[in-house]
Structures are given as structure tokens and as C-alpha cells.
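K.L.:
Use the sequences and the hints to build the structure in full.
Sequences listed follow chains A and B, in order.
Once you know that position 72 of the first sequence is 72 in my numbering, the rest is easy, because the numbers rise by one and skip nothing.
Once you know that position 4 of the second sequence is 4 in my numbering, the rest is easy, because the numbers rise by one and skip nothing.
These are computed hints drawn from the structure, not numbers from a lab.
Certain hints may be false.
What the hints assert, rightly or not - These stretches of chain B come out as covered by chain A in the derived footprint (C-beta under 8 Å, 3 or more residues):
no., stretch
1, 4-12
2, 37-47
3, 51-61
4, 69-79
Stated by the list, open to error - Output of the computed footprint for chain B on chain A, the stretches with three or more beta carbons under 8 Å from beta carbons of chain B:
no., stretch
5, 45-52
6, 79-85
For every residue, glycine included, the Cβ atom is placed at its ideal position computed from N, Cα and C.
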Amino acid sequence: AQTVTQSQPEMSVQEAETVTLSCTYDTSENNYYLFWYKQPPSRQMILVIRQEAYKQQNATENRFSVNFQKAAKSFSLKISDSQLGDTAMYFCAFMLGGGTSYGKLTFGQGTILTVHP
Amino acid sequence: DSGVTQTPKHLITATGQRVTLRCSPRSGDLSVYWYQQSLDQGLQFLIQYYNGEERAKGNILERFSAQQFPDLHSELNLSSLELGDSALYFCASSVLGTGLDTIYFGEGSWLTVV
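P.N.:
Structure representation (C-alpha cells):
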């Protein structure tokens, strides 16, 4: 079974600064996808960024980027120029790439990020 | 707005009762997923349907069941409710239900069992 670990229950950052959220995962498979989801106080789950394991290039989406280290099974999220609206719970998630595991996301426990003015 | 619609948004019911949560996927999405978010267990995958057929099953209790109808909407039925079933239940949808898809989540249905 796959597991996802987020070792930082809470993080805080000043507005306009950069913060990195950590995530490690465990799998023996080679074909998989990794995601970061954001859950603001409204509780809506919002996709922030995704990474295909077969791609060596790290994914970026505007102020959000990842550091994907496949050998180390590490998938960290970097938020640059933090904004107050980035305050949320962030979940790292894993999905296998084939068979009956299609669509089954395994989530970490989440990291609460607070952006201070 | 993700385009995934869940009803009801909030529900309070007593132990032993049965409830039905409803989900309308985004237009064009064939796959529907159900997830449970609780303080104890975190976010857990329950079940996935694709075009009316069950595709994958997670940690779904036998007291729970789901189905996807021909119009692609889905229902999650929770019966013999216990206090521990209190949680936020998310429905999500995607086009094909593969890793290449983006999975969009609804706003969730808050269930409180008293």
C-alpha cells in the first residue's frame, strides 16, 4: 500500500516571503502521479499543482513550484511571494498510474499554512 | 466553483438512521469519486465510479453504498449511522478517471451524527 507523509503539521510565513512544505511518499511502483491540494477555511479542495513521475522536470504553476526527488521519494511544494489568500491546509496526494487504482488519491495528513501580514 | 454540486451541504441526523448524499459531476465528466474527511482518519478514498460502473473501492464500510446513475449523478448511502461517521463527505469528478485527469472536488456535505 502507498503512504504519504507530511511531517510539518503547521507552518507560518510572512507575506511576500517564500515557504516550502515537505512531503514524502512510499511506493514500489514506477508509474504514479503526485499532487498538492489546497483546502482553505471554506473547506473546498483545490488542485494547486501536479507532477507525473515519468517527468524529470519539476512542475510549476505561477508562484507554486515543486521539488520532485524520485529516488528519495520526496515531493515538496514551494510557494513564492506568499499572499494572505494562501492561508489554508495543504495536502500532498499520490495516485498510482494504472489498473484499478486509477483515480484513487492517497492523501497525507496535511500542513496548515498561515500567511501573516 | 469547481462545477461539482453536492447536496445537502449540511445534515444532522441521529444514530441508527440512514442518509443519502447526492452528487452531480461536472458537465462531461464520466468518473465520480467519494471521499471522507474526518479528524480521526483524515482524507480517505471511499469509492470510484466510471460511466455507471464501480471502478475502484477504498476504505468504504459495508454500511455504506454508492451508485452512479445513467445521467452520471451519484449517490452515497450511509446506513445504521454511528457517531464516528460524522465527517465531511466529498464528491469529486474527472473526465476519464485516470491519472492524466484533473480531479475536481465539490464543496462537500457535512454530516453530523448525534
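K.L.:
Now, for every hint given, state plainly whether the structure supports it.
P.N.:
For each hint, the structure was consulted:
{"no.": "1", "hint": "4-12", "verdict": "violated (count 0)"}
{"no.": "2", "hint": "37-47", "verdict": "holds (count 4)"}
{"no.": "3", "hint": "51-61", "verdict": "holds (count 3)"}
{"no.": "4", "hint": "69-79", "verdict": "violated (count 0)"}
{"no.": "5", "hint": "45-52", "verdict": "holds (count 5)"}
{"no.": "6", "hint": "79-85", "verdict": "violated (count 0)"}
Checked against the numbered hints given earlier, this structure breaks hints 1, 4 and 6; the rest are met.
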